[in-house]
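Given the coordinates of chain A, assemble chain B onto it according to the supplied hints.
For reference, the chains in residue letters:
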Amino acid sequence: MKKFWLVFLHEYKRHVLRKRFIFAVLSMPLFVGLMIGIGFLSVWLQYDKKPVGYIDQHQILVDPQQVPEEDKTLFKTVESIAFPDEDSAKTALENGELQAYFIFSENYNETGKVTMKTVSKTSSNAKGDFGDFVSYNLAKGLPEPVFERLSDGNKITIRSLDGSREMGSDNWMVMMLPLIAGVLFIIAVNISGGYLMQAVVEEKENRTMEILITSISPTQLMAGKVVGDIMVGLTELAIWILFVIVGLQVAPVFFDIGTIPSMDTKYILLLVGTLIPAFVMVAAAMGAIGATATEAREAQQMAGFFTLPIVVPFWFTSQIMFNPNGALAVGMSMFPLTAPIALPLRAGFTDIPWWQMTITISVLVVLALFSLWLSGKIFHIGMLRYGKKVSLKEAFRRS
Amino acid sequence: MSTINVSQISKSFGPLKAVNDVSFEVEPGEIFGLLGPNGAGKTTSIRIILDIFKPDTGNVTVLGGNMTEEKKNKIGYLPEERGLYQDIPLERCLVYLATLKGLNEIEAKHRVADYLERFDLTESRKKKVKELSKGMQQKAQLITTLIHKPEIIIIDEPFTALDPVNTQMVKDLLLEERNKGTSIVMCTHQMHQVEELADRIALINKGRTMLYGTLNSIRKQFASEAVIVRSNEDVPNDLPGITEIQKKNSHTLLHLEKGTTSQDVLRELLNRNVQVEQFEIAMPDLDEIFIQVVKSEGAPE
Chain A
0 MKKFWLVFLH
10 EYKRHVLRKR
20 FIFAVLSMPL
30 FVGLMIGIGF
40 LSVWLQYDKK
50 PVGYIDQHQI
60 LVDPQQVPEE
70 DKTLFKTVES
80 IAFPDEDSAK
90 TALENGELQA
100 YFIFSENYNE
110 TGKVTMKTVS
120 KTSSNAKGDF
130 GDFVSYNLAK
140 GLPEPVFERL
150 SDGNKITIRS
160 LDGSREMGSD
170 NWMVMMLPLI
180 AGVLFIIAVN
190 ISGGYLMQAV
200 VEEKENRTME
210 ILITSISPTQ
220 LMAGKVVGDI
230 MVGLTELAIW
240 ILFVIVGLQV
250 APVFFDIGTI
260 PSMDTKYILL
270 LVGTLIPAFV
280 MVAAAMGAIG
290 ATATEAREAQ
300 QMAGFFTLPI
310 VVPFWFTSQI
320 MFNPNGALAV
330 GMSMFPLTAP
340 IALPLRAGFT
350 DIPWWQMTIT
360 ISVLVVLALF
370 SLWLSGKIFH
380 IGMLRYGKKV
390 SLKEAFRRS
Chain B
0 MSTINVSQIS
10 KSFGPLKAVN
20 DVSFEVEPGE
30 IFGLLGPNGA
40 GKTTSIRIIL
50 DIFKPDTGNV
60 TVLGGNMTEE
70 KKNKIGYLPE
80 ERGLYQDIPL
90 ERCLVYLATL
100 KGLNEIEAKH
110 RVADYLERFD
120 LTESRKKKVK
130 ELSKGMQQKA
140 QLITTLIHKP
150 EIIIIDEPFT
160 ALDPVNTQMV
170 KDLLLEERNK
180 GTSIVMCTHQ
190 MHQVEELADR
200 IALINKGRTM
210 LYGTLNSIRK
220 QFASEAVIVR
230 SNEDVPNDLP
240 GITEIQKKNS
250 HTLLHLEKGT
260 TSQDVLRELL
270 NRNVQVEQFE
280 IAMPDLDEIF
290 IQVVKSEGAP
300 E
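Line order of the protein sequences matches chains A and B. Read left to right, the first sequence gives residues 0 to 398 (numbering that gives the first Met the number 0). Read left to right, the second sequence gives residues 0 to 300 (numbering that gives the first Met the number 0).
Same shape as in the complex, but just chain A (with noise of 0.2 angstroms):
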């Protein structure tokens, strides 16, 4: 048993410790940190602050009020001045004080038009907090309710006819969470069945093996690198959820990003009892292909055929979450390469009975074991065979 845990500290301590293992950790934050970087850098490189002025010769606008300003913004709404007649109007602008200005028409109120003029290219935001100026200062007389509405615009909550689940505008999150859950379980398990299959070959393409296997059993061996990799899989899904969790708690000081759904112990049991046997299954199925092939590029070809269906239940994204108790649904969640993605995304939408979780989970779990017994006992027999495959025939007729 010291053994296994040597193995299994050598497996995971060569990988973790290596600069490509943080650089790969790193990168993908640091690739969602730069994308929302790069989104704010733009929209702040075309915003100017300078304000726009208008001229209302025809009175549409009663006691005119700037709007509001929210809470949370990062921009700040550009400020809509009024000018007596356009010829003061045109001299702040040729002045630079002023990046527009608008005149109504006079009979705006039929037609809604208005005249822009400017010496360049407004910034985006011009036009649009305008707008919600003049929007802000026609409703302002309206009876405060019907103010409030037309200013704050509609909630629409998506209700399961059940009742069961239901979704608002504002808890997009709920969507959300098991895409992100997913696609980072994807990775995870790309990355740590990825190591077990170069691990299993890499004995095989360096000669360690003979050294190796007059050392230590084969069970042991192999387990100890099953469990080593997988472990580092599971750190680098570890450390990305905990930059989710910042990120999600970090967001909202500066942004409003809607409700965080708040996870009841089942959809965490859920998740926990989905992902990680879902992981072991694939990791170590990929671990035997490892084993059974001869060279890592060979494996590696062989490794996209249990990626695939993986990734399918996110092409059924929309039909899942609208018929989340439909045949397709279930039976996504309920089958094993599907299940990882499709069960807690559909747990999102309705409440998902005691039996099918039970048979999805037992189903995984067992498979999990079955797959790891499997690349054991391929392991076993390809270990000291270079150049030939071992066939599934063979692995199972010795066993």
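If a hint is listed, it holds; no wrong ones were tucked in.
One-sided and incomplete, this derived list gives chain A residues near chain B with beta-carbon spacing under 10 angstroms: (1) ARG17; (2) GLU204; (3) ILE215.
Partner residues are not named here, just some residues of chain A that face chain B (Cβ under 10 angstroms, in silico): (4) LYS1; (5) ARG13; (6) GLU201; (7) GLU202; (8) GLU209; (9) LEU211; (10) THR213; (11) SER214; (12) SER216.
Everything labelled a hint here was simulated from the structure, so no lab data went into it. Ideal Cβ placement from N, Cα and C applies to all residues, glycine included.
Frame of chain A; chain B shown alone:
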């Protein structure tokens, strides 16, 4: 009591009979040469001893019983297929493999440092294994074989890729281990190394044991009726009882008639006042025996 006892083992891979009724014993404190041409069944026999393969028939005892996980710690093995983890520093690689042989990490580090010093590899200890030369990697492999002070050393072609200085160092090491009482099984094609080091040998061909015994007894078995004479003067060519005289670079080879003994020839040479500097019974070297056995597939009658 012998440390390794191989008793009538056979092993087939499909239609190929890799090992066929092979038996031998290895004693403590001896270097045992396991010889044979490529594909003779040496590596398969070794793998059966090491419990990598199970024999179809026959059995093997190691250190007085079946192979166990604990016994693996008492065996040092240098396989023919050499290899180390290429992507990690040499020192880490050696320490890891040593801990797999049951040493604790502190002890392993300590011994690795000693061996690196002895093998002149201290400066390369932080280098990745793949950055080392072939000879250096070979030395690193020997460290892996010896580091846990095994009671049995099984070593396949130990001198490949070594220069003469390192070859001598490895020989000294093997002799040192033998003197400590370690059993050493050495597989090699290099017959002069076997002649120099091995106490006993087994020659396997096509899965069968062809020769088995001490080096001397085997050479005697193959000794032809001839003597080697080294002298400053020419050896007279009218000596009685001689069928053929072959002049070699450094000596003369005299083939004896049936019934003539080496003593008769020596007496005759001394009677004729020939200055004899060296006189010995011509023994075939192992190379010749090897070729003869492999070609004729057996020992002389």
